[in-house]
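Enquirer: When the letters of the sequence shown are read in order and numbered with my numbering, they come out as residues 21 to 158.
It is possible that some hints are incorrect.
[To be verified] Below, in silico cross-link-like pairs of lysine-lysine (DSS-like), each with a Cα-Cα straight-line distance of 25 Å or less:
| # | residue 1 | residue 2 |
| --- | --- | --- |
| 1 | K48 | K79 |
| 2 | K89 | K40 |
| 3 | K48 | K80 |
| 4 | K79 | K135 |
| 5 | K55 | K89 |
| 6 | K89 | K79 |
| 7 | K79 | K40 |
| 8 | K40 | K55 |
| 9 | K80 | K40 |
Hints in this document: simulated from the structure, not taken from any laboratory.
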Amino acid sequence: MSLGIEYRIGELAEIAQVSKRTIDYYTKLGLLEAKRSVSNYRYYSTEAIETLRFIEHCKKMRISLEEIKDLLQTNYNQKNCVFEQIQQISNQIIELEAKLAQLVPVISSMNECEKNALVDSLSHHTSPLFQTLKHFVK
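Could you put together the complete structure from these sequences and hints?
Expert: Quick look at the structure:
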């Protein structure tokens, strides 16, 4: 997750304790991603620091740069998959909230006996939700 801080290549090299030439090489290989400024300077996000540390750690374990690239891509794909799942769940929650809003008038028209019977018929997962709703529609 990027914090919005961006570093020029020299700053990144100093922080990550690697040479500018190494960063340039990794960027050309696609291991690092840089954004170009209007004046054509390369800027790297804070994620690049962790990526460089990961690359250096992998190199110490004699993992090839091609394998490291595959590992980085797999990690990126997993993060995107999680993000997409969170988006889907968020959309489902919005839909459920809309459906619940439609149920409030129906529930509020029920007497206590009908509400209790409804609670008894629900699964243990949905019962707390209905109990909460019951308090809002008195």
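Enquirer: Hints numbered earlier in the text: which of these fail when held up against the supplied structure?
Expert: 4
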